[in-house]
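With chain A's structure known, arrange chain B on it following the hints.
Protein chains in written order, with numbering that gives the first Met the number 0: chain A, 0 to 394; chain B, 0 to 394.
Don't read these hints as lab results, they were simulated from the structure. These figures come from a predicted structure and were not determined experimentally. Take these hints with a grain of salt, some might be off.
Because identical chains cannot be distinguished in the list, a pair is counted as satisfied if it fits within a single copy or across any two copies.
As the list claims (entries may be wrong) - Below 27 Å or equal to it, Euclidean Cα-Cα: the simulated DSS-like pairs (lysine-lysine) are:
{"no.": "1", "residue 1": "7", "residue 2": "310"}
{"no.": "2", "residue 1": "23", "residue 2": "386"}
{"no.": "3", "residue 1": "24", "residue 2": "97"}
{"no.": "4", "residue 1": "310", "residue 2": "167"}
{"no.": "5", "residue 1": "65", "residue 2": "298"}
{"no.": "6", "residue 1": "56", "residue 2": "298"}
{"no.": "7", "residue 1": "80", "residue 2": "7"}
{"no.": "8", "residue 1": "376", "residue 2": "24"}
Protein chains: 2
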Amino acid sequence: MINEKYLKLGTNRSTIRELFEFGKKLSSEIGSENVFDYSLGNPSVAPPLCVNEGIEKLIREYDGTKLHAYTSAEGDIDVRKNIAHYIRDTFGAEAEAKNVYMTAGAAAALSAALGAIVTEGEEVITPVPYFPEYRVFAEEAGGRLVTVSAKDGGFGLDTEALGEAIGKACAAVIINSPNNPSGKVYTEAEIKALADLLKKKSKEAGHPIYIIADEPYRELVYDGVNVPYIPNYYDNTIVCYSFSKSLSIPGERIGYVFVSPKAENAKEVFRAVCGAGRSLGYVCAPSLLQRLVSDCLGKSADIDIYDSNRKMLLEALTSYGYETEKPEGAFYLFVRSLCPDAKEFSERAKKYGLLLVPGDDFGAPGYVRIAYCQDPKMIERSLGAFKKLSDEFRA
Amino acid sequence: MINEKYLKLGTNRSTIRELFEFGKKLSSEIGSENVFDYSLGNPSVAPPLCVNEGIEKLIREYDGTKLHAYTSAEGDIDVRKNIAHYIRDTFGAEAEAKNVYMTAGAAAALSAALGAIVTEGEEVITPVPYFPEYRVFAEEAGGRLVTVSAKDGGFGLDTEALGEAIGKACAAVIINSPNNPSGKVYTEAEIKALADLLKKKSKEAGHPIYIIADEPYRELVYDGVNVPYIPNYYDNTIVCYSFSKSLSIPGERIGYVFVSPKAENAKEVFRAVCGAGRSLGYVCAPSLLQRLVSDCLGKSADIDIYDSNRKMLLEALTSYGYETEKPEGAFYLFVRSLCPDAKEFSERAKKYGLLLVPGDDFGAPGYVRIAYCQDPKMIERSLGAFKKLSDEFRA
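So that you can see chain A by itself, here it is in the shape it has in the complex (with noise of 0.2 Å):
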């Protein structure tokens, strides 16, 4: 018999998804130059040349056979030291290969975590606004998403409102810095205070709450913004690592998860990581991928080009009287809709070509995200109808 909740998975795409796919129908009706899509977090800025020419020389040099052969189902070992070596070196935490696990991107990483450390009806707490896929996840590891809202007037954790929110049931808090879809990076203040209240939560609770600790922006900040490395800060920690974005190969599926060899029953945690891994179909990242990465290690694609967007859409949509906080990291940009139906803003906006992606499913009605890692010259085309838009909401 059919599955009625993947059926509906399946048939009500995500809204971010639909939206890309209607952009891309669009495109052929209007022609791609009258569309300003900016649903997707589908980096256009090239890979930086580490990775075509990675590529190309592994190719060239790793035992043909070997380079596309399997990996063991926790990954290369040489890559999974590389890895272990460069937390250690980035971040002065503790990190071993036999903590590194790699995955087909942060959505696999997600999976295998949420699996190994959810078990049926517990909770998974998130802070709002969030990535919605959370919610996908989180159910099929058998746990509920419970969202917590922001602090007052701005995209900061409400440590107290968490406090409020986490109880016996909940198996794991999702951390999201910096934040997609608001762009906001946890200062380490709020970062401790978490971890001081996860701590006292715990052991009330009588098991550990984990921070799953989803990074997959980490290397996209901007004006020098410090992003404190969890496991630094706090024990239970799983970070869920995606090379998507640094290295702009988010179709390429590679990352990995780091389970801190400080949490709880580390051990345990990753077996149940590489179980859950095994069980959801995934029999190991893709082999070729893993070496390049390994290989790119620190690298990332020129960022300056979404700095520079940043600043752009900013001057702009401000002066066109859009209402915004300044992203510290990522490339999407929260703008409050011009009605309080962002759903109908986002409809509106579609006949200047414009594809805004609603905040509600963020878990922030009354917003938009902008993703701004597009093509400059399509934001510059763009303001024109950011500056209709507004001006049909203001007329």
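Showing chain B alone in chain A's frame:
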């Protein structure tokens, strides 16, 4: 709380993976020249030229940002069109792009397909011998794997036994031909008999019973054996395909689900496959690899090497007193254990550096699987070890 099921799955690796890891350890201790690792179906034959040349071409000629970008969740539309075209051309089966869902290999394809059509408590039936991970994937989908013994004195389909096992609770039958581990290819007569049985059983059950055709070994056949294309015999068929073996790229994780358009509720089944893939954390299949396999359709690695391996082993092992059927496809020899307990036999084989997988996990105790997708030189070197092992049992 740690998920105990996943902890167990991650701790007790599959016997195959366990032997594979043991082999790597043993190699570092006694030298890889003294280890005859027949555990894993990791092709030793180099990928055809089109693989590495195709990757280089894509890197040179394809838009650098688009090549590595997200594709639609179902896969790149041109890739899906090419695959549908290939299915129509090669097998004469109806197929369109909208019936093809790109996946990260066969394991992901099986997980998504089973997720789509199995609901809590339903049965997934498979004839013996079978690939052990079917149980893991069926259980992840909420179902229960039921195995049905093969025809006496061989590994043919026992339609009568299947008929007794298939009831109302049966959602799907998994057919793996060429078969891992037996190397058996089911004949047209066997597939026709199965199709007739399932039509009758579907009517009795009041719902379609799907065939899931797991076909990673389709191209790996010897002596001109014909592999019937199941959608041509049975409408309610879902094909799970992988390029791992045909192109010798198992680590890259690329394959597809093809839902026959003639299947009942084909559209809904397809959508449910998409939904299951989404829920399991598959965002899209690796984008570079999608384009690559699309350019390599119909190509395959040099399987003459497998054929000569097959003949060399078959001749030698038979002369040493081992009993086995001549495999018609895949790259496995399924050999009768020389003592009643194949696990004991496998343990005793390790002394000679021989890593053989006991048949117990394949539902066929009393046999061991020998994956002969190995370097011919290793096979040659291993013959003495097989002789000694046989002598030990006959002493």
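We went through each hint and held it up to the structure:
no.: 1; hint: 7 - 310; verdict: neither (39 Å within a copy, 50 Å between copies)
no.: 2; hint: 23 - 386; verdict: within (23 Å within a copy, 63 Å between copies)
no.: 3; hint: 24 - 97; verdict: between (46 Å within a copy, 15 Å between copies)
no.: 4; hint: 310 - 167; verdict: neither (44 Å within a copy, 62 Å between copies)
no.: 5; hint: 65 - 298; verdict: both (25 Å within a copy, 19 Å between copies)
no.: 6; hint: 56 - 298; verdict: both (16 Å within a copy, 24 Å between copies)
no.: 7; hint: 80 - 7; verdict: between (41 Å within a copy, 25 Å between copies)
no.: 8; hint: 376 - 24; verdict: within (21 Å within a copy, 55 Å between copies)
Hint check: violations occur at hints 1, 4; the rest are consistent with the structure.
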